[in-house]
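Enquirer: Add chain B to chain A, keeping to what the hints say.
If you read the protein sequences in the order shown, they are chains A and B.
Using numbering that gives the first Met the number 0, the first residue of the first sequence is number 0, and each one after it goes up by one.
Using numbering that gives the first Met the number 0, the first residue of the second sequence is number 0, and each one after it goes up by one.
No lab work stands behind these hints: they were computed from the structure.
Quick reminder that beta carbons are idealized off the backbone N, C-alpha and C, glycines included.
It is possible that part of the hints are untrue.
[To be verified] Covered, in the sense of this in silico footprint (three residues per stretch, anywhere, with C-beta under 8 Å from a C-beta of chain B), are these stretches of chain A:
{"#": "1", "stretch": "128-141"}
{"#": "2", "stretch": "151-159"}
{"#": "3", "stretch": "163-176"}
[To be verified] Beta-carbon label-pair distances, calculated as ranges:
{"#": "4", "chain 1": "A", "residue 1": "S126", "chain 2": "B", "residue 2": "Q167", "range": "38 to 48 Å"}
{"#": "5", "chain 1": "A", "residue 1": "A167", "chain 2": "B", "residue 2": "G86", "range": "41 to 51 Å"}
{"#": "6", "chain 1": "B", "residue 1": "R87", "chain 2": "A", "residue 2": "Q182", "range": "32 to 42 Å"}
[Unchecked claim] A few chain A residues that don't get close to chain B, going by computed Cβ distances all over 10 Å:
{"#": "7", "residue": "P114"}
{"#": "8", "residue": "R115"}
{"#": "9", "residue": "Y116"}
{"#": "10", "residue": "R120"}
{"#": "11", "residue": "E121"}
{"#": "12", "residue": "A122"}
{"#": "13", "residue": "L123"}
{"#": "14", "residue": "L124"}
{"#": "15", "residue": "R125"}
{"#": "16", "residue": "D179"}
{"#": "17", "residue": "V187"}
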Amino acid sequence: MNDPTPSKVDRLSELPRDVRPPHDGWQALEARLRAGGMPESESSVQRRGTTESAWRRRPRMMQVAILAAVLASAAVGISIDRWILSPARQTPPVARVPSSTGAGAGMTVAYVTDPRYLHEREALLRSLDAKLATLPPPTRQKVLQSLATIHQSMQEIQQALGREPGNALLQELLIDTYQDEMQVLSTVQQASGGGGET
Amino acid sequence: MRTSPFRMAILVASSAFAVGAAHADNFQQQVAADPHGEVDVSNISGNIVISGWDRPAVSVSADLPRNTERVKVTSDHGRTSVCVVYGRSQSCNSPGIGEERGSVRLEVHVPRESEVDVSGVSAAIRSDSVTGSQRLHTVSGSIDAQLGSGDDEVTSVSGTVTLQGSRQAGTLHVTSVSGDLSVTNVAGELEASTVNGTLRATLSAARHVRLNTTSGDIDLKAVLASRGTVETETVSGSQKLTVSAHAGYSYEAKAFSGDITDCFGQQPDKSQYGPGSRLDGTRGGGDGHVRIKSLSGDVSLCDH
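Here chain B stands alone, though its shape is the one from the complex:
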């Protein structure tokens, strides 16, 4: 059988379309939104990318791997919700029994000052240019976010968390079970904990810092605000703290079996009756306070 060039072209074009339809089914929708409203985004698997912009609207685009997934966008009383619906289900993020879940990439533009609440399971979360409060939660995906000056809360079970602040005072709570945490350019209050991940934080004008790991290491560089406090604790993880303050600070480091060193030329006091060492002192006017505790982790405290 002979095939004409015209028929051949149609065949190739339809094949290409079929392949495209099987791998990506683009979705786009835009709804009006309150510039200071709330935006909820959820996705079980894939990626969630949030970007702040200056329009009073929420725009959603998605790569849907199959025609069994749909994106649901609803807006009501200043609250916009974006989620993925699977198969015949009408509910968000709830595939029916036996229905597979494909990996969906969601890109959402939100008004810059929105309050954002994002949750995923095996979904990586990325956010930038949002200045309102952010609540970001994922189980095994990574989180990479630029933060504003709001009250932010970030939770991950096993994914790595990388957060970049705006150097404006806010409140940040970060929790991970086993993921590494990295926080930079944050000011104000920071509470961060991980069990066996590494915790790295760089803060300017820190009012209250509380870092806690079980076996993970802590690496903190902080400039204390007036009467700022730092509290760090590990069981077996080592701690390296570089803390400075214009008005100085008092410090107190205690370790049961770990070594304590400092850059102040001071030797820790060893317990007379058993293991344990302690380092107390004051830098400058002693305005702030640093408190360090560990069971067996080594501790290092410097101010430069």
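In isolation and in its complexed conformation, chain A is listed as follows:
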């Protein structure tokens, strides 16, 4: 590489085993990155892996772990709705989130789900009709109306998330709305234990 004129190579063994750059540009680049307050790149960590102690890498690993956890949490809500609310659809918890460009190609996201949550919600939904039947008719109507409001809200948030999949506010709202739904289902479950229709 020091020779600017390329020479003809006939055999693989003729290639040099170690190609050294003309100068180490990393130090200047690192100084600029630090001055700009930008985070270190993964490659820089790898490059200096032999000299950097493990504790320096922990914050980055934690950031990755936190990001993964946030994505997983957001994904729980989206996948549960599509998976559980449509019992006929027994596909694994994988959903397609439309790309922000609106083009046909979607971004496939593998979701992590909490089996205990899924099991509990499925059980509550299965017994909902029976529980509702024990409530006074006006109350039953109001509960159904409230559940419809929650499901409508879920759809609105999901549509917004489709446009902005990385929006943290939408992710939080979606997860909280699923929790609201669980609370309603649990309240109906407890309320219907008190007695029959009046």
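Expert: Same frame as chain A, but now just chain B:
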């Protein structure tokens, strides 16, 4: 046939008695109770009125519409239970098949510092002068209660809930599916949620407040205690918050498509790449914290 005035009087009196017996069969019973004991009251339909008093006794009176309903009062190891028994059943609140349930009005006096647990279905609940913890649950009836400084829990499915605190710090959890919630003069901790009901709360010395609706509106007036926090969230409901604190607070309001306004003369930041706006700032020393979230509801934050 001639009827003598005497016979006529007897006839009228017995008719009046019969009518009275058909519409109200008064019940009264009093049992000794632990001043700090537990009192459970349940009634499917009608009214439940709880009043605290200074006697170490539980007194129950009831209006029973028919002779098929009875009131059962039991007391054991500091716990007093009051319930309605229907027809031939021996169990509380469990009418037999085909047996009708009449609307029963229960009035229960309890030692003021009792721990009270009240549940109804289509029964309205009212409570006053009880300073111990209260757990009040009803399905479609309304709840109207004065609270002490204990740990209180109130749940309704569709009834309206009106709670008045004592301005002494306690912990209050209120949940409704579709009913309106109104909480005043509460201090300490408040967690309240309703799906499409309106949520109104007035707090003094609030340590932690968490309000949540889906489509219902939130109207909060709160004075924060030291390092107090407020968190509110709606999907489409609007939020109007008036929060003040001696040592100030930091605030953070986020809305995806709703408008954010404030009384601080500050403009929210609009997202550069899409919908969404955000308002961050600090009042005074920034001791407390206010966090507001909404999808499409409008948000208003003031401190006076």
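Enquirer: It remains to establish, for every hint, whether it holds in the given structure.
Expert: Each hint, compared with the structure:
no., hint, result
1, 128-141, "holds (count 5)"
2, 151-159, "holds (count 4)"
3, 163-176, "holds (count 8)"
4, S126(A) <-> Q167(B): 38 to 48 Å, "holds, 40 Å"
5, A167(A) <-> G86(B): 41 to 51 Å, "violated, 58 Å"
6, R87(B) <-> Q182(A): 32 to 42 Å, "holds, 38 Å"
7, P114, "holds, 26 Å"
8, R115, "holds, 22 Å"
9, Y116, "holds, 19 Å"
10, R120, "holds, 17 Å"
11, E121, "holds, 20 Å"
12, A122, "holds, 19 Å"
13, L123, "holds, 14 Å"
14, L124, "holds, 16 Å"
15, R125, "holds, 19 Å"
16, D179, "violated, 6 Å"
17, V187, "violated, 7 Å"
Figure legend: structure checked against the earlier numbered hints; hints not met, in rising order: 5, 16 and 17.
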